Amino acid sequence: EPEVTQTPSHQVTQMGQEVILRCVPISNHLYFYWYRQILGQKVEFLVSFYNNEISEKSEIFDDQFSVERPDGSNFTLKIRSTKLEDSAMYFCASRTSGRSKNIQYFGAGTRLSVL
Amino acid sequence: GQSLEQPSEVTAVEGAIVQINCTYQTSGFYGLSWYQQHDGGAPTFLSYNALDGLEETGRFSSFLSRSDSYGYLLLQELQMKDSASYFCAVRDDNYGQNFVFGPGTRLSVLP
Chain A
176 EPEVTQTPSH QVTQMGQEVI LRCVPISNHL YFYWYRQILG QKVEFLVSFY
226 NNEISEKSEI FDDQFSVERP DGSNFTLKIR STKLEDSAMY FCASRTSGRS
276 KNIQYFGAGT RLSVL
Chain B
74 GQSLEQPSEV TAVEGAIVQI NCTYQTSGFY GLSWYQQHDG GAPTFLSYNA
124 LDGLEETGRF SSFLSRSDSY GYLLLQELQM KDSASYFCAV RDDNYGQNFV
174 FGPGTRLSVL P
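So the sequences go chain by chain: A and B.
For the first sequence, position 58 matches number 233 in my numbering, and the numbering has no gaps at all.
For the second sequence, position 81 matches number 154 in my numbering, and the numbering has no gaps at all.
Keep in mind that the hints were calculated from the coordinates and are not lab data.
In this text, all values refer to a predicted model and were calculated from it rather than measured experimentally.
Warning: the hint list may mix true and false statements.
What the hints assert, rightly or not - As a list, the in silico SDA-like pairs of lysine to any residue whose alpha-carbon atoms are at most 25 Å apart:
1. K232(A) to L205(A)
2. K217(A) to F102(B)
3. K276(A) to I90(B)
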C-alpha cells in the first residue's frame, strides 16, 4: 500500500539553527499538509500546499517557516531559526481529489528536539 | 473562529461499546472525519461523514448531525488494541483545504 514517508524520524538541533524536514507524499496525491503536535496535545494545522503554492497557513506558520516542493516527489518544511518551543512532532500528510478527497494519509512523523 | 470539543478521556472494558462525542463550531463545514492515533504513531483515518446519519465500517461507526454541529464515533466489541487517542477533524470550506482537529479523546480499554 502506498504511504507517506518522512525523514528523519528524529532531528536534534540547537536553538537558532535551521532545520529541514522532508516528506515524500503518495505519488498521485495533489494536496499536501504539514501539521505539528506538541507532546500530549492535539494535532495543529500548519500549512497546506496545492499546485505548487501555499493554499492556507495558520498563525503558527510565521516567517520562520517555509515549504517547498523542490522536485516532483519531495515536500519540505524549513524552520529558519529554531526556538525551544518548536520542539514537537511534525507530520506530513497528503490527499487526492475525487472520492477519497477527505482522507488524509499521514507520515510517521519527525520528532524535532530543539536544545 | 474554529473550535472542536471532545471528552479528554474515556475508559471501557474489552468487548464493550464506547461512544466518543465531538461538537464543532466552524464558519463553514465540509465534513467530519475521525482519526486514530496510537502512542508515538501517526494519525490514521477511520471514518468520514459529509451528510447526516450513520456510516458503518466494521466495528467502527460514525454519526453526524449537521443541525446540532455534533458527531460521534462508536466503537463496538472493544479490543485492547483499540487503546489510543481519537481525534475528530472538520474540513472548513471557508478555509479551503484546511482541516481542523479536535483536542483528542484518549481511550483506555481494560481487560
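Okay, the hints, checked on the actual structure:
As the CA atoms of K232(A) and L205(A) are separated by approximately 17 Å, the hinted pair is consistent with the 25 Å bound. About 20 Å separates the Cα atoms of K217(A) and F102(B), which keeps this hinted pair within 25 Å; it holds. Using a Cα cut-off of 25 Å, the hinted pair K276(A) and I90(B) is violated, with the two alpha carbons roughly 30 Å apart.
Hint 3 from the earlier list is the only one contradicted by this structure; the remaining hints agree with it.
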